[in-house]
Amino acid sequence: MSDDTFVVHTEEAELPPEPPPHGPMVWARTNLFSSVTNTILSVVFGGITLLFFWNMVGFIIGEDRRWDAVTANMRLLMVQAYPQEQSVRIWLSLAIILVLAMATLAVWGAGTRLSRYAVGTTLMTAGAFLSFLSLIATLHLVLDSRTAVWGLGGLVVGLVLAGVGYQMRQGEESKVPQIPSLMVTAVALAVPIAAFWVIQVPTPILGGGQELAPVALSTKLPLTILYLIAVVSYLVADRTIGEQERFRGPLVALWVLSFPVIVMVILRDPIIPYDLVTSTYLPIGAAFAIVGAVVMWFVADPTKKEAGLGVGALIFVLFLLSWAISVVMVVRILLLMGALFALSAPTFAGEQRARLRYAGVWFVSVVLVTYFVVLVVAESSIRSESGSFLGGLMLTFPLAIAGMALSFPLGVLLALGRTSTMPIFRLLSTAYIEVVRGVPLITWLLVAFVLLPFFLPPGVGIQGVVRAIFAVAFFSAAYLAENIRGGLQSIGKGQYEAAKALGMTTVQMTVFITLPQALRAVIPALVGQVIALFKDTSLVTIVGLFDFLHIARAVIPNQSQPFNFIGVLREPLLFAALVYWIITFSMSRASLRLERKLGLGER
Amino acid sequence: MAVSDKDIIVCEGVKKWFGDFQALKGVTTTVKEGEVVVIIGPSGSGKSTFIRCINRLEQHQEGVIVVDGVEMTNDVRNIEKIRSEVGMVFQQFNLFPHLTVLDNITLAPLWVRKRTKTDAQERGMQLLNRVGIPEQAEKYPGQLSGGQQQRVAIARALAMEPRIMLFDEPTSALDPEMIKEVLDAMKELARSGMTMIVVTHEMGFAREVADRVLFFDYGTIVEEGTPEHFFTNPQHDRTKLFLSQIL
Ligand SMILES: Nc1ncnc2c1ncn2[C@@H]1O[C@H](COP(=O)(O)OP(=O)(O)OP(=O)(O)O)[C@@H](O)[C@H]1O
Ligand SMILES: [Mg+2]
Numbered sequence: 001m002s003d004d005t006f007v008v009h010t011e012e013a014e015l016p017p018e019p020p021p022h023g024p025m026v027w028a029r030t031n032l033f034s035s036v037t038n039t040i041l042s043v044v045f046g047g048i049t050l051l052f053f054w055n056m057v058g059f060i061i062g063e064d065r066r067w068d069a070v071t072a073n074m075r076l077l078m079v080q081a082y083p084q085e086q087s088v089r090i091w092l093s094l095a096i097i098l099v100l101a102m103a104t105l106a107v108w109g110a111g112t113r114l115s116r117y118a119v120g121t122t123l124m125t126a127g128a129f130l131s132f133l134s135l136i137a138t139l140h141l142v143l144d145s146r147t148a149v150w151g152l153g154g155l156v157v158g159l160v161l162a163g164v165g166y167q168m169r170q171g172e173e174s175k176v177p178q179i180p181s182l183m184v185t186a187v188a189l190a191v192p193i194a195a196f197w198v199i200q201v202p203t204p205i206l207g208g209g210q211e212l213a214p215v216a217l218s219t220k221l222p223l224t225i226l227y228l229i230a231v232v233s234y235l236v237a238d239r240t241i242g243e244q245e246r247f248r249g250p251l252v253a254l255w256v257l258s259f260p261v262i263v264m265v266i267l268r269d270p271i272i273p274y275d276l277v278t279s280t281y282l283p284i285g286a287a288f289a290i291v292g293a294v295v296m297w298f299v300a301d302p303t304k305k306e307a308g309l310g311v312g313a314l315i316f317v318l319f320l321l322s323w324a325i326s327v328v329m330v331v332r333i334l335l336l337m338g339a340l341f342a343l344s345a346p347t348f349a350g351e352q353r354a355r356l357r358y359a360g361v362w363f364v365s366v367v368l369v370t371y372f373v374v375l376v377v378a379e380s381s382i383r384s385e386s387g388s389f390l391g392g393l394m395l396t397f398p399l400a401i402a403g404m405a406l407s408f409p410l411g412v413l414l415a416l417g418r419t420s421t422m423p424i425f426r427l428l429s430t431a432y433i434e435v436v437r438g439v440p441l442i443t444w445l446l447v448a449f450v451l452l453p454f455f456l457p458p459g460v461g462i463q464g465v466v467r468a469i470f471a472v473a474f475f476s477a478a479y480l481a482e483n484i485r486g487g488l489q490s491i492g493k494g495q496y497e498a499a500k501a502l503g504m505t506t507v508q509m510t511v512f513i514t515l516p517q518a519l520r521a522v523i524p525a526l527v528g529q530v531i532a533l534f535k536d537t538s539l540v541t542i543v544g545l546f547d548f549l550h551i552a553r554a555v556i557p558n559q560s561q562p563f564n565f566i567g568v569l570r571e572p573l574l575f576a577a578l579v580y581w582i583i584t585f586s587m588s589r590a591s592l593r594l595e596r597k598l599g600l601g602e603r
Numbered sequence: 001m002a003v004s005d006k007d008i009i010v011c012e013g014v015k016k017w018f019g020d021f022q023a024l025k026g027v028t029t030t031v032k033e034g035e036v037v038v039i040i041g042p043s044g045s046g047k048s049t050f051i052r053c054i055n056r057l058e059q060h061q062e063g064v065i066v067v068d069g070v071e072m073t074n075d076v077r078n079i080e081k082i083r084s085e086v087g088m089v090f091q092q093f094n095l096f097p098h099l100t101v102l103d104n105i106t107l108a109p110l111w112v113r114k115r116t117k118t119d120a121q122e123r124g125m126q127l128l129n130r131v132g133i134p135e136q137a138e139k140y141p142g143q144l145s146g147g148q149q150q151r152v153a154i155a156r157a158l159a160m161e162p163r164i165m166l167f168d169e170p171t172s173a174l175d176p177e178m179i180k181e182v183l184d185a186m187k188e189l190a191r192s193g194m195t196m197i198v199v200t201h202e203m204g205f206a207r208e209v210a211d212r213v214l215f216f217d218y219g220t221i222v223e224e225g226t227p228e229h230f231f232t233n234p235q236h237d238r239t240k241l242f243l244s245q246i247l
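The listed protein sequences correspond, in order, to chains A and B. Under our numbering, the final residue of the first sequence carries the number 603; numbering is consecutive throughout. Under our numbering, the final residue of the second sequence carries the number 247; numbering is consecutive throughout.
Next up, chain A with everything else stripped away, as it sits in the complex:
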């Protein structure tokens, strides 16, 4: 190597490093127009996309669109015929759910921090998309020679958003994660809330035609209050109980309790039959609670392993015998519960404290179950035309949640049965799964409504919604079981051997070692299952329940009073699709977060 090459080399090394080529043109050249084929494909698909948005926006803002059919029926879509003067019950339920949700976010420390750059990118994308749509809308409006105020307004808002986003991305420190993600969510949600106070929506006029009018106060005021409740309760929860593990257990318990309380007490408003309670339910519940507590205390003794199994088997026989005689349903339910409690006593057995706690858990469970049965037996004070107090989105959600809550334990049991070493369990589980999966959900719904009454013991009548819940839950459980089985089979032999070598029983091994790992491994599949179940609830329309989709699809297009919406189908359907999409998309996003969070513990 000669001397001058050496000198030149040093000079080059002293030049400051250049940034790599970037910018929209570079991006387009490498990603869209890198080759002839690529260019042709980009142009063709770009054209198709453009055409799609052109037509879609044109449809949405078309002059003869009946969006007033959606806005005028919003109540119907959400809660069906729930009496208007009782609306406060619905708002109260939502408030409870929100407060619990916010406390959960705070206690689990759910939020992360985002960089200004990331938030700016999202804003820029959203702003650009909004400007794009508004531009198309403006063009449409101008071409139809209508006033283009809203289109131009959208365009300006979109450009401002994109500009703000662009500004946020500038600067060295913009890539440091510093903005709390929950604050971003809060601000993002504030936008639609604020919009309710500003925008005007198509509203029908009595006697024909529609006009733009502000959103009704009875909608926007409670929504705004709910939003504020959410923000405040998060802040309060974050300051007081934030990220303390000891609050997790109670919170889970509150969630479990909240569902029956909201549906059966707040929304249903039962008329408690006090004479029946004092004559039947109180004595039965008290007898089971007290006698059972003594029995549970007795069998939760670690030295009496056989006693628990024996007592459990005995109670189970009593449960079976109870079907032969006529007793109130609650007796059978409590007997079944007693059998399960006694059988699992050896697992939770221990010192005096553990035994007392076990008896205590039994006592509380009996009280809750008896109370719940009373609630079910009681008549509801809410009267509506369809005969059910649940309808619209307020039927879809309870159906999905209760269906999922029931199908989950059942699916776990089936999966364990199918992977069990005991042939009888394996055979029964496999048979159940194959039979249930082999028949469409619609068929099971019809079975639940048309055939079930013939199979049920006399005197057992079940309400429509409950039947639908069971049909959905039993159906979903079969699919869940197969997913969970996949997770169970992915667990190595070493895990079972390590658990056994430590002296764990099969139950302990399942509860603490294999099941948690199996469930973690199949979270994506489970979320897919939840989403599928949520959408499948729309099938209950076949048995005459008024769910969200049914109202959009069949009720609104048949309305002639007080407004005439006969034949208006496309607008409500599009709206229903949008709502389903927003809900399921949020679920899948939330599950992504959950996966990432749980991923920490993986190997």
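In case anyone wonders, no lab produced these hints; they're calculated from the structure. Note that this is a predicted model, so its numbers are computed, not measured. Be careful, since some hints might not be right.
What the hints assert, rightly or not - Below, simulated SDA-like cross-link-like pairs (lysine to any residue); rule was C-alpha separation at most 25 Å, straight line:
id, chain 1, residue 1, chain 2, residue 2
1, A, K535, A, E434
2, B, K114, A, E434
3, A, K493, B, F21
4, B, K81, A, E306
5, A, K597, A, R248
6, A, K305, B, Q59
7, B, K114, A, T514
8, A, K304, A, R248
9, B, K114, A, G249
10, A, K305, A, S420
11, B, K15, B, E71
12, A, K493, B, Y140
13, B, K114, A, A525
14, A, K305, A, T510
15, A, K500, B, K180
16, A, K304, B, N74
17, A, K493, A, A525
18, A, K304, B, E161
19, B, K240, B, P42
20, A, K500, B, M125
21, A, K493, B, D175
22, B, K81, B, E71
23, B, K81, B, D7
24, B, K81, A, S344
25, B, K180, B, I246
26, B, K6, B, V64
27, A, K493, B, R113
What the hints assert, rightly or not - Which bits of chain B does chain A cover? Going by a derived footprint, with three or more residues having C-beta under 8 Å, they are:
id, segment
28, 110–118
29, 156–170
Stated by the list, open to error - So the derived list for chain B, only partly shown, Cβ under 7 Å to chain A, looks like this:
id, residue
30, V10
31, F18
32, R83
Note that CB positions come from ideal geometry on N, CA and C, so glycine has one too.
Given chain A's structure and the hints, the job is docking chain B with the ligands onto it.
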């Protein structure tokens, strides 16, 4: 290394088949309380199968195994009770990946031994100190090195306060630089008087701490004796061949 005269494990003519293949062809031996027994032998000779029969992860078909006075049969009532007296450390560690290190250690004491939470955690931290990694308590197994994981596995087994410890090639899956830290933990345990059965290829360990060495081949004990006898004056041809290959 106080070896008492009390027999804690007695095996007589233990035979075990996998299908038609006979993995154990009549194993007879006795282990005394406090004794450290090292098992060596070529691959496939039945070493793992034998020690797994002792805590009944495998079931033998013929012969007698008595652990701490209880015979291992099909209707052992409290198999969990016996297993909780016999700790086991595996070649592949087999830690529970979804639990933190401390939870791995305290889980069985909490639910099998029914300890209180504070008690179990206190004892778990002591054990982590003993194996030299108290600072790893809140991590997950996947975040530890192989040597650290194996030491957690030892602590986990010890947390049950077992009377016997079984080790199945505890250092075979480790990188060379981590073997020592695990062997040191095992040596310390041997000196504290624990009854141990160790399957290993670490001859230095055998020489230093074993009271007795068993040489397995083709499903039987071919030769047994003290480490001195074994490494200076082996009798059997197969023992000589094996030792010449491995030393
Ligand atoms: N579950 C099983 N099914 C069938 N054969 C098995 C099973 N487990 C072990 N064997 C066979 O039994 C024999 C003894 O196996 P074992 O694992 O006890 O050997 P080992 O002495 O521990 O060998 P290594 O040093 O390779 O671990 C081997 O031939 C093996 O193939
Ligand atoms: Mg082996």
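Taking the hints in turn, this is what the structure says about them:
A C-alpha spacing of about 22 Å is found between K535 (chain A) and E434 (chain A), which places the hinted pair at or below 25 Å, so the restraint holds. For the hint pairing K114 (chain B) with E434 (chain A), the CA-to-CA distance comes to about 40 Å; that exceeds 25 Å, so the pair is violated. Of the supplied pair hints, the one linking K493 (chain A) and F21 (chain B) holds, its CA atoms being roughly 21 Å apart against a limit of 25 Å. With a CA separation close to 15 Å, the supplied pair K81 (chain B) and E306 (chain A) stays within the 25 Å bound.
For the given pair, K597 (chain A) sits about 16 Å from R248 (chain A) by alpha-carbon distance, which is consistent with the 25 Å threshold. Taking the CA atoms of K305 (chain A) and Q59 (chain B), the gap is near 24 Å; set against the 25 Å cutoff, the hint holds. Between K114 (chain B) and T514 (chain A) the CA atoms are separated by roughly 20 Å; this keeps the pair inside 25 Å, and the hint holds. Between K304 (chain A) and R248 (chain A), the direct Cα distance comes to roughly 33 Å. Violation of the 25 Å bound is thereby established for this hinted pair.
As the CA atoms of K114 (chain B) and G249 (chain A) are separated by approximately 20 Å, the hinted pair is consistent with the 25 Å bound. At most 25 Å may separate the alpha-carbon atoms for a hinted pair to count; K305 (chain A) and S420 (chain A) meet this at roughly 22 Å. This hinted pair checks out: K15 (chain B) and E71 (chain B) have alpha carbons roughly 15 Å apart, not beyond 25 Å. Among the hinted pairs, K493 (chain A) with Y140 (chain B) is consistent with the structure: their alpha-carbon atoms are about 20 Å apart, no more than 25 Å.
Taking the CA atoms of K114 (chain B) and A525 (chain A), the gap is about 35 Å. The hint is violated against a cut of 25 Å. As the CA atoms of K305 (chain A) and T510 (chain A) are separated by approximately 19 Å, the hinted pair is consistent with the 25 Å bound. Restraint check for K500 (chain A) and K180 (chain B): not satisfied, since their Cα atoms lie roughly 28 Å apart, outside the 25 Å limit. Of the supplied pair hints, the one linking K304 (chain A) and N74 (chain B) holds, its CA atoms being roughly 21 Å apart against a limit of 25 Å.
Between K493 (chain A) and A525 (chain A), the direct Cα distance comes to roughly 23 Å. Compliance with the 25 Å bound is thereby established for this hinted pair. With a C-alpha separation of about 23 Å, the suggested pair K304 (chain A) and E161 (chain B) falls inside the 25 Å cut-off, and the hint holds. Restraint check: the Cα-Cα separation between K240 (chain B) and P42 (chain B) comes to about 12 Å, which is no more than 25 Å; the hinted pair holds. Restraint check: the Cα-Cα separation between K500 (chain A) and M125 (chain B) comes to about 23 Å, which is no more than 25 Å; the hinted pair holds.
Under the criterion of a C-alpha separation no larger than 25 Å, the hint pairing K493 (chain A) with D175 (chain B) is consistent with the structure, at around 23 Å. The suggested pairing of K81 (chain B) with E71 (chain B) holds, with an alpha-carbon distance near 13 Å, which does not exceed 25 Å. Restraint check for K81 (chain B) and D7 (chain B): satisfied, since their Cα atoms lie roughly 19 Å apart, inside the 25 Å limit. A C-alpha spacing of about 18 Å is found between K81 (chain B) and S344 (chain A), which places the hinted pair at or below 25 Å, so the restraint holds.
Taken as a hint, the K180 (chain B) and I246 (chain B) pair is honoured in the structure, with Cα atoms around 18 Å apart against an allowance of 25 Å. For the proposed pair K6 (chain B) and V64 (chain B), the alpha carbon gap of about 18 Å is at most 25 Å, so the pair holds. For a cut-off of 25 Å, the pair hint linking K493 (chain A) to R113 (chain B) stands: about 24 Å separates their Cα positions. Against chain A, the segment 110–118 of chain B contributes 3 residues with a C-beta closer than 8 Å to a partner C-beta. That satisfies the three-residue criterion, and the hint holds.
Only residues whose beta carbon comes within less than 8 Å of a beta carbon in chain A count, and the segment 156–170 of chain B has 3; three or more means the coverage holds. Hint status for V10 (chain B): violated, given a least beta-carbon distance of 20 Å to chain A, over 7 Å. For F18 (chain B), the suggested interface contact is broken, since its CB lies about 15 Å from the closest CB of chain A, more than 7 Å. Restraint check, R83 (chain B) versus chain A: the minimum CB separation of about 4 Å is within 7 Å; hint holds.
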